[in-house]
Amino acid sequence: MGKFLRSLHKKTEIIDKVDYHRELYQSFMTGPEWRNVEMAEEYAQFLDDGHSMFQFPYFRQIFGLWRVVYESYSAARKYNSIWQIVSSEYMLMDLFIGVFTTLELLPKGILSILLSPFLNKDNDTEMQKHLADFYSQYAKDLHTLPFYDHNYSEARAQLARAYEECEHKTWGDWFSWTFISLDLWARKWISKPLSYWFHQDNNLVPATTDILVKERVDNSQDLEALKSSCIEHLESIEGVHVVDKNVYFKPTPSTEYAVSAYARLRVPRYDSFQTVLNSLNDEGIQLRKIAGQDRVQVKCEINASNDIDLEDTQEKLNDIVAQKPLYSYGDSIHPYRRLCMFDIHVRELADKVEKLNESKYAKVKFIHNF
1 MGKFLRSLHK
11 KTEIIDKVDY
21 HRELYQSFMT
31 GPEWRNVEMA
41 EEYAQFLDDG
51 HSMFQFPYFR
61 QIFGLWRVVY
71 ESYSAARKYN
81 SIWQIVSSEY
91 MLMDLFIGVF
101 TTLELLPKGI
111 LSILLSPFLN
121 KDNDTEMQKH
131 LADFYSQYAK
141 DLHTLPFYDH
151 NYSEARAQLA
161 RAYEECEHKT
171 WGDWFSWTFI
181 SLDLWARKWI
191 SKPLSYWFHQ
201 DNNLVPATTD
211 ILVKERVDNS
221 QDLEALKSSC
231 IEHLESIEGV
241 HVVDKNVYFK
251 PTPSTEYAVS
261 AYARLRVPRY
271 DSFQTVLNSL
281 NDEGIQLRKI
291 AGQDRVQVKC
301 EINASNDIDL
311 EDTQEKLNDI
321 VAQKPLYSYG
331 DSIHPYRRLC
341 MFDIHVRELA
351 DKVEKLNESK
361 YAKVKFIHNF
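Numbering (the numbering used here), first residue to last: 1 to 370.
Fair warning: there could be bad hints in the mix.
As the list claims (entries may be wrong) - Result set (DSS-like, lysine-lysine): computed pairs, CA atoms no more than 30 Å apart in a straight line:
#1 Lys-365 <-> Lys-3
#2 Lys-10 <-> Lys-363
#3 Lys-11 <-> Lys-360
#4 Lys-11 <-> Lys-78
#5 Lys-355 <-> Lys-78
#6 Lys-355 <-> Lys-316
#7 Lys-140 <-> Lys-355
#8 Lys-11 <-> Lys-363
#9 Lys-363 <-> Lys-140
#10 Lys-17 <-> Lys-3
#11 Lys-108 <-> Lys-140
#12 Lys-140 <-> Lys-129
#13 Lys-352 <-> Lys-316
#14 Lys-11 <-> Lys-250
#15 Lys-227 <-> Lys-192
#16 Lys-316 <-> Lys-17
#17 Lys-129 <-> Lys-227
#18 Lys-250 <-> Lys-10
#19 Lys-10 <-> Lys-352
#20 Lys-108 <-> Lys-169
#21 Lys-188 <-> Lys-140
#22 Lys-121 <-> Lys-108
#23 Lys-3 <-> Lys-192
#24 Lys-352 <-> Lys-250
#25 Lys-129 <-> Lys-78
#26 Lys-140 <-> Lys-365
#27 Lys-169 <-> Lys-227
#28 Lys-316 <-> Lys-360
#29 Lys-169 <-> Lys-121
#30 Lys-78 <-> Lys-324
#31 Lys-3 <-> Lys-108
#32 Lys-140 <-> Lys-169
#33 Lys-140 <-> Lys-192
#34 Lys-140 <-> Lys-10
#35 Lys-227 <-> Lys-245
#36 Lys-363 <-> Lys-352
Said to hold, decoys possible - Here are the in silico distance ranges between beta carbons for each label pair:
#37 His-345 <-> Ala-160: 49 to 59 Å
#38 His-345 <-> Gly-284: 14 to 24 Å
#39 Lys-169 <-> Gln-55: 31 to 41 Å
Derived from the structure by calculation, the hints contain no laboratory data. We treat Cβ as the ideally placed atom computed from N, Cα and C, and that holds for glycine.
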């Protein structure tokens, strides 16, 4: 880190640490939360493909989720103390997701063992499509809306109407709807205290992240004109807001043609961040800090067609990132699908993401930007 950037970083932390700074464990400990989103997506796709819900690998999914909880904690321990992690709301959320999901899937798994010998493996019916659509929309909503803020009563009422309106129902439909109806009822009451707790002022986390960026700009204008030009250029990128409408220029001899301009930007978290990152990179704007940190967790998804392509792609990803993944996992449904978690330096993020996305069977699924 250069002297000027170090000074700007420290100054920003002193002036506005609450909005600017986040701990590194916050990047790693979001792994279970987003694994839970993936599980909803996988469940929706499984139902949409016409498979009976009583053929879903519930027990393996439970085990996989708890493994992600453990691996996330282990990754976070590289940078933060046990107490920092264990006492955080992120650990509380991860444990709750693990327990809540286990209590949700375990009865379904047990019931599946009892019912699967008597029900068809496939249940490609109208009601099953309604259930698949619900879980698909639920998974999409989870990208921006926490599970404890969903309207489960409304969802339950809509599915009840859909069930009544279906002309042809199977025993699989009846068992599926009955169990999911009870599941939604339980979610409603479990979510109420969580929603209250996480909406307390001291527990709210904005859906944005502050970043520090660097740009080389023409030194021919006066300082104020140059500042206005930089702000206009930065805010022309969708999703980008220049905090305090300020730009900082590194002292440079007046004889030099270009000057280094630094700015603190407020950008989206979650899926939209990758789009913003690519746009900044296209404009020649270099990322220097994310939430005051030099590292961030990146999830890469491999979808291959056989074992050879899967392992070859994994090796290529390792070469691009110059490290093995922190950990990787599958979904227990698709044998050639793998999700890999990497710990990447912020300065290299744009370049690494671009190269990872060029892989034939892989793409960057998510940047865990705190």
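Outcome of the hint check:
{"no.": "1", "hint": "Lys-365 <-> Lys-3", "verdict": "violated, 34 Å"}
{"no.": "2", "hint": "Lys-10 <-> Lys-363", "verdict": "violated, 35 Å"}
{"no.": "3", "hint": "Lys-11 <-> Lys-360", "verdict": "violated, 43 Å"}
{"no.": "4", "hint": "Lys-11 <-> Lys-78", "verdict": "holds, 26 Å"}
{"no.": "5", "hint": "Lys-355 <-> Lys-78", "verdict": "holds, 26 Å"}
{"no.": "6", "hint": "Lys-355 <-> Lys-316", "verdict": "holds, 10 Å"}
{"no.": "7", "hint": "Lys-140 <-> Lys-355", "verdict": "holds, 27 Å"}
{"no.": "8", "hint": "Lys-11 <-> Lys-363", "verdict": "violated, 36 Å"}
{"no.": "9", "hint": "Lys-363 <-> Lys-140", "verdict": "holds, 19 Å"}
{"no.": "10", "hint": "Lys-17 <-> Lys-3", "verdict": "holds, 20 Å"}
{"no.": "11", "hint": "Lys-108 <-> Lys-140", "verdict": "holds, 23 Å"}
{"no.": "12", "hint": "Lys-140 <-> Lys-129", "verdict": "holds, 16 Å"}
{"no.": "13", "hint": "Lys-352 <-> Lys-316", "verdict": "holds, 12 Å"}
{"no.": "14", "hint": "Lys-11 <-> Lys-250", "verdict": "holds, 14 Å"}
{"no.": "15", "hint": "Lys-227 <-> Lys-192", "verdict": "violated, 47 Å"}
{"no.": "16", "hint": "Lys-316 <-> Lys-17", "verdict": "violated, 38 Å"}
{"no.": "17", "hint": "Lys-129 <-> Lys-227", "verdict": "violated, 55 Å"}
{"no.": "18", "hint": "Lys-250 <-> Lys-10", "verdict": "holds, 15 Å"}
{"no.": "19", "hint": "Lys-10 <-> Lys-352", "verdict": "holds, 27 Å"}
{"no.": "20", "hint": "Lys-108 <-> Lys-169", "verdict": "holds, 20 Å"}
{"no.": "21", "hint": "Lys-188 <-> Lys-140", "verdict": "holds, 19 Å"}
{"no.": "22", "hint": "Lys-121 <-> Lys-108", "verdict": "holds, 15 Å"}
{"no.": "23", "hint": "Lys-3 <-> Lys-192", "verdict": "violated, 49 Å"}
{"no.": "24", "hint": "Lys-352 <-> Lys-250", "verdict": "holds, 27 Å"}
{"no.": "25", "hint": "Lys-129 <-> Lys-78", "verdict": "violated, 44 Å"}
{"no.": "26", "hint": "Lys-140 <-> Lys-365", "verdict": "holds, 14 Å"}
{"no.": "27", "hint": "Lys-169 <-> Lys-227", "verdict": "violated, 66 Å"}
{"no.": "28", "hint": "Lys-316 <-> Lys-360", "verdict": "holds, 10 Å"}
{"no.": "29", "hint": "Lys-169 <-> Lys-121", "verdict": "holds, 15 Å"}
{"no.": "30", "hint": "Lys-78 <-> Lys-324", "verdict": "holds, 15 Å"}
{"no.": "31", "hint": "Lys-3 <-> Lys-108", "verdict": "violated, 57 Å"}
{"no.": "32", "hint": "Lys-140 <-> Lys-169", "verdict": "holds, 27 Å"}
{"no.": "33", "hint": "Lys-140 <-> Lys-192", "verdict": "holds, 21 Å"}
{"no.": "34", "hint": "Lys-140 <-> Lys-10", "verdict": "violated, 38 Å"}
{"no.": "35", "hint": "Lys-227 <-> Lys-245", "verdict": "holds, 9 Å"}
{"no.": "36", "hint": "Lys-363 <-> Lys-352", "verdict": "holds, 11 Å"}
{"no.": "37", "hint": "His-345 <-> Ala-160: 49 to 59 Å", "verdict": "holds, 51 Å"}
{"no.": "38", "hint": "His-345 <-> Gly-284: 14 to 24 Å", "verdict": "holds, 19 Å"}
{"no.": "39", "hint": "Lys-169 <-> Gln-55: 31 to 41 Å", "verdict": "violated, 19 Å"}
Hints 1, 2, 3, 8, 15, 16, 17, 23, 25, 27, 31, 34 and 39 from the earlier list are contradicted by this structure; the remaining hints agree with it.
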